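Q: So the chains spell out like this:
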Amino acid sequence: MNPDTVTGAVWTVLFYVLGAAAILLALAVVNARRLLRAAIYLMGVLLMSAGLYVLLDAAFLAGVQVLVYVGGILVLIVFAVMLTRSADLLEDNPSLRRKVLGAVASIGFLVLTAAVFLTTPFKPLAEGTPPKDDALVIGRRLLDQGPGGYVLPFEIVSVLLLAAVIGGIVVARKTPPPEQPFTSGGDRAGEADLVLPKSQRPARRAKGNP
Amino acid sequence: MIDFLASHSPDIRHWLLLSAVLFSIGLYGLLTRRNAVAILMAVELMLNSAALNFVLFNRYLMPGMVDGQVMAIFVIAVAAAEVVVGMAIFVALFRYRATIDVNRMDTMKD
Amino acid sequence: MDQLGFALRNAWLVPALPFFSFGIVGLFIRPLSKKAAGIVGTLAIFASAVFATMVAWEYFHLYPPGAVHPTIVPWSFKWLAYQAGLTVNVGVLVDPISVLLMIVVTWASALIHLYSIGYMHGDEGYGRFFTYMNLFTFSMLGLVVAPNIVQMYVCWELVGVSSFLLIGFYYSRPSAVAAAKKAFIVTRFADLGFLIGILVLGFYGYQSFAELSPAIAAQWADKGVTNLQAFDFAYLTDPSVLERLAAPGSGILGMSLLTMSMLLVFMGAAGKSAMFPLHIWLPDAMEGPTPVSALIHAATMVVAGVYLVARLMPGFAASGDALLVVAYIGAFTCLFAAVIGITQDDIKRVLAFSTLSQIGYMMLALGVTTMSHPLGYTAGMFHLFTHAFFKALLFLAAGAVIHAVHSNEIWDMGGLRKKMPITHATFLVATLAIAGIFPLAGFFSKDEILAAALGNHFYLIFAVALLVAGMTAFYMFRIYFVTFWGAHRSPHAEHAREAPAVMWVPLTVLAALSVVAGFVPMAEFVSIGASVEHEGIDLAIAIPATLAALAGIGLAWFFYAGDPRRAERAVEVLGAVHRTVKRKFYIDEVYLFITHRIIIRYISRPVAWFDRHVVDGSVNLAAWLTSTLGAGLRPLQTGQVQTYGIFYVGGAMFVLLVLWAALAMK
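Protein chains in written order, with the working numbering: chain A, 5 to 214; chain B, 2 to 111; chain C, 273 to 938.
These are computed hints drawn from the structure, not numbers from a lab. Remember, it's a predicted structure, so these values are computed and weren't measured experimentally. Fair warning: there could be bad hints in the mix.
Pairs of lysine to aspartate or glutamate residues, derived as EDC-like cross-links and limited to a Cα-Cα distance of at most 16 Å, are as follows [unchecked claim]:
id: 1; chain 1: A; residue 1: Lys-136; chain 2: B; residue 2: Asp-68
id: 2; chain 1: C; residue 1: Lys-854; chain 2: C; residue 2: Asp-617
id: 3; chain 1: C; residue 1: Lys-854; chain 2: C; residue 2: Glu-844
id: 4; chain 1: C; residue 1: Lys-691; chain 2: C; residue 2: Glu-770
id: 5; chain 1: C; residue 1: Lys-690; chain 2: C; residue 2: Asp-617
id: 6; chain 1: A; residue 1: Lys-127; chain 2: B; residue 2: Asp-12
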C-alpha cells in the first residue's frame with residue numbers, strides 16, 4: 005500500500021466528511037430559532053473550516069482561524085446575543101414569502117455561480133509546492149516591503165482594528181436608561197427626546213412634520 | 002477502495018462548489034433571519050466561505066505562493082473589526098428600541 | 273392719387289382721433305379729473321367731426337356731385353399677412369356712403385357727447401362713460417371706413433363690445449346687466465352667421481383669386497389699392513368674382529354660393545340692426561343711459577347692418593334671392609315694430625320700436641334696389657342720414673323730459689309744453705319729421721323709399737310702407753300729446769324745469785338739421801349702378817303718404833289730446849289683442865322658453881355633463897392612474913434592509929447573467 009495513496013484516500017474522505025458537516029452546520033445556523041444554539045453551530049462551521057484549511061496545506065491559517073475567529077469573534081457574538089436579550093427568546097419565524105424569496109435568491113445565486121465556474125477551465129498560474137514552514141513564509145510576506153509585499157495592508161488593518169475598537173466603544177457606550185422601553189416600533193419624532201439626555205436631544209423640528 | 006478514493010481526490014471544482022454552497026447558505030440566512038445578530042452570523046458564514054475561496058485558489062492555481070493565505074488573514078481581521086462595530090450598533094439599537102428585529106426597522110419606507 | 277388733398281391723405285385721423293382719445297382719457301385723464309375727461313372726450317370727437325367734414329369736402333370736390341364717385345382707399349397698411357392674397361389690411365376707404373356715415377357718426381357722436389356733459393353730470397361713472405363712448409365712436413368709424421370685410425368684422429365686434437359696456441353702464445342694476453347680456457348674446461349669435469359668410473366668401477373668392485385679381489388690381493391701382501387681397505371689398509364686389517360665386521347650385525340646398533354667403537352676412541346685419549326675429553335686444557337696450565340710446569341705438573350702431581348691406585350691394589344685387597329676403601324681412605320688421613310701438617307706455621321703448629321700424633324702412637329700401645333701378649339704395653342711405661338726426665333728437669329730448677320728470681312712463685308726464693318750451697319745440701320738430709310731413713327731412717327720405725318700392729313693382733311692400741307711415745305718425749303723436757299736452761299727471765311734471773344749456777343746444781342743432789337735411793340732393797352724392805333720375809317730388813307718392821301721416825296725427829289727436837277716456841275705452845274694446853301686442857307678441861317668452869327648456873335642458877346640460885365627466889374625467893383618470901400606480905408600488909418600499917437585499921441579489925444575478933452571456937457569445 006502506497007502511503008501517498010492512503011494519504012490521498014484519507015484526504016478525500018476528510019474532505020467529504022468535513023464538507024458535509026460544514027454544510028449541515030451552516031444550515032443549522034441559519035435555521036436555528038434559539039440564538040445561542042445558532043452561535044454554537046457557527047462555531048462548528050468555523051472549526052470545520054479550520055479542518056478544511058489543513059486539507060489545503062494552510063496549517064497556520066487553520067490555527068489563526070481557530071484562535072481569532074472562534075476564540076474572538078464568536079465570543080463577541082455570544083456577548084451580543086446576551087446583551088440584546090436574545091438568548092432566551094425564540095426568534096420569530098420569518099414569513100413564508102420571505103423564506104421562499106430568500107431561498108430562490110440564494111439557490112439562484114448558487115446555480116449561477118456553479119454554472120460559471122463549472123464551465124471555466126482553471127489552469128495553474130504558477131508551479132510549485134506548498135511550503136512546509138508556511139508560518140515563516142506568511143510572516144515574511146506580511147512584512148515584505150518590496151513589490152508583492154503586504155506590509156501596507158498589514159499596517160492599515162491594524163489601524164482599522166483600532167478604529168473599530170474605538171468606534172465600538174463610542175457607539176455602545178451607555179446613555180441614561182429610558183424610563184420605559186419603546187416597543188411601538190414607530191420612529192416618531194420626540195422619542196429621542198425622552199431617551200437621550202437634554203443636551204443631546206435633537207433640535208425641534210416644525211410641528212406636525214415627523 | 003482506497004485506490005478509488007485516492008484517485009478521486011477533490012478537484013478545484015469540488016472545493017469551489019463547497020464554498021459556493023456555504024456562501025449561498027449564508028446568503029439565505031442574510032435575507033431571511035429576523036434577529037440582527039443572526040444576520041451577522043450569516044454574514045460571518047459568507048466571509049468564512051470567501052476566505053476559504055482565497056485559500057483554495059492559492060492551493061490549486063499557485064501552490065508555491067502564500068498570497069491567498071495572507072488574503073485570508075486579512076479577511077479574518079476585517080471580519081473581526083466588522084463584528085465589533087456591528088455588535089456595538091446592535092447594542093445601542095436595542096437600548097433605543099428594545100428590539101433588534103430587523104422587520105421592525107422600517108422607517109425608511111415612505 | 274396724387275391729387276388727394278391733405279384731409280384725404282390723412283383720412284385715417286377720423287377714426288384715429290377717437291381711438292387716441294379713448295386711450296388717453298381712459299388711462300390718464302379719467303383717474304385725475306372727471307370733468308376734464310368729459311371735455312377732452314368731447315373735443316376729440318368734435319375734432320374728428322370737423323376732419324370728417326373736410327374729408328367729405330375734398331372728396332366731393334375731387335368728384336363733384338352728379339358725376340361718377342369712385343371708391344378710393346387713400347390709406348392702408350398690412351396687418352395680418354397670412355399669405356399673398358390672404359392678407360388683412362387696415363385702411364380707410366372713402367366713397368359716398370362711407371363719407372356719409374363718417375359725417376353722421378362723428379357729428380351725432382359729437383353733439384351727444386356735448387349733451388352728456390350735462391346729462392351725466394354727477395354720475396359715479398362719468399369718466400368711464402366718456403371712455404366707452406370714445407371707444408364706441410372709434411369702433412363705429414373703423415367699421416365705416418373698412419376697405420375689407422375682415423376689418424369691418426373686427427370693428428363690428430368692437431362695436432358690440434362697446435354697446436355691451438354702455439348698455440350695462442349702470443352695472444349695479446340687474447335689469448341693465450341682463451339687457452347688456454341679451455344684446456351681446458343675440459348680436460354675437462348673429463355674428464356667427466356673418467363670420468361663416470366671411471369664411472365662405474374668403475374661401476371661394478380666394479379660389480378664383482389668382483385668376484381674376486390681376487385684372488381687378490389693374491382697375492384699382494389708381495384708386496390707392498396697392499395690394500389687392502381676397503378680403504377686400506374691391507375684390508368681393510367685382511362683377512367677375514360675383515359671376516363665379518353666383519354659379520347656380522354651388523352652395524347648399526341648391527342656392528348659389530353667392531346667395532348662401534349673402535344670406536349668412538345678412539344674418540349678421542339683421543342681428544346688429546335688430547331685424548325680426550333678432551330684434552329682441554333693442555327694446556331692452558334702453559336700460560342704458562339716454563345718450564347711449566340716442567347714439568348707439570338710434571343713429572349709429574343699429575344702422576351698421578344697413579351699411580353692411582349697402583357696402584355689399586353689388587353682391588346682393590347679383591343674387592336676387594338674397595335681396596328679396598332683405599326686402600321682406602325689412603318690411604315685416606317695419607310693420608311689426610310699428611304695431612307694438614303703438615301700445616308701449618315707456619317713452620324710450622316707443623322710441624326703440626320706432627327705431628326698429630325706421631331701420632326696417634332702410635332695409636326694405638335696399639331690398640328693392642336693382643342695378644338698373646337703384647333708387648332704393650339712394651333712398652335707404654338718405655333715410656339713414658335723416659333718421660340719424662331726428663331720432664337722436666327724439667332720444668335726447670326724451671332724456672331731458674325723463675330727467676325733469678324722474679320717470680320714463682308717459683303717463684307720469686303731461687302738460688310739459690309750457691314747462692319745457694325748447695324741449696317741446698324740438699321734440700315737435702322731430703316728431704313731424706319722423707311722421708314725414710313736408711318740408712321736414714323725413715318727408716323726403718320716406719317718399720324716396722316709397723318711390724323706389726313702387727318703381728321696382730314691389731306693390732305689397734309699398735302698401736306696407738305706406739300703412740306704416742300712417743302708424744308711425746300715430747304712435748309718435750300719441751306720445752307727443754300725452755307728454756306735452758293735457759294735465760300734469762304727476763307731481764314731478766308740475767315742477768318740471770327746462771334742461772340746462774349744455775343739453776338744449778345740441779337739441780336745437782339737431783332740430784335745425786332735421787329741417788334742412790331733407791333738402792340735400794342725395795342722389796347727386798350717393799348712387800350705385802345706373803344713374804338715378806330725380807324729378808323732384810313725385811306727387812303720386814307724396815300725396816298718399818302725407819294723407820296717411822295726417823290721418824295718423826288726427827287719430828292720435830282724437831284719442832290723446834282730449835278726453836283720456838276715449839283711449840281707455842279703445843283699449844278695453846281691443847282687450848286681449850291689445851294685451852298681446854303690448855307684450856310684444858310674447859316673443860321674448862318664446863325665446864326664453866326655447867333657451868331654458870330646450871337649449872339648456874337638452875343641449876347645455878349634456879354638454880356640461882360631458883365636460884365634467886368625460887373631459888375632466890379623463891384628466892382625473894390620468895391622475896387616479898398615477899396615484900394608484902404609486903400606491904401599488906409603495907409596498908416595495910418596506911424600509912426593511914432584507915427586502916432591499918433580495919432585490920440587490922436579484923439585480924446582481926441578472927447583471928452576472930448578462931455579463932456571462934455576453935462573454936460566452938464572444
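Q: Each hint: holds or not?
A: Hint check results:
At roughly 15 Å between alpha-carbon atoms, Lys-136 of chain A and Asp-68 of chain B fall within 16 Å of each other, so this suggested pair holds. Between the alpha carbons of Lys-854 of chain C and Asp-617 of chain C the distance comes to roughly 9 Å, so the proposed pair stays at or under 16 Å and holds. About 13 Å separates the Cα atoms of Lys-854 of chain C and Glu-844 of chain C, which keeps this hinted pair within 16 Å; it holds. Annotation: proposed proximity of Lys-691 of chain C to Glu-770 of chain C holds, straight-line Cα distance about 7 Å (limit 16 Å).
Pair hint Lys-690 of chain C plus Asp-617 of chain C does not hold up; C-alpha atoms about 22 Å apart against a cutoff of 16 Å. At most 16 Å may separate the alpha-carbon atoms for a hinted pair to count; Lys-127 of chain A and Asp-12 of chain B meet this at roughly 12 Å.
Checked against the numbered hints above, the structure violates only hint 5.
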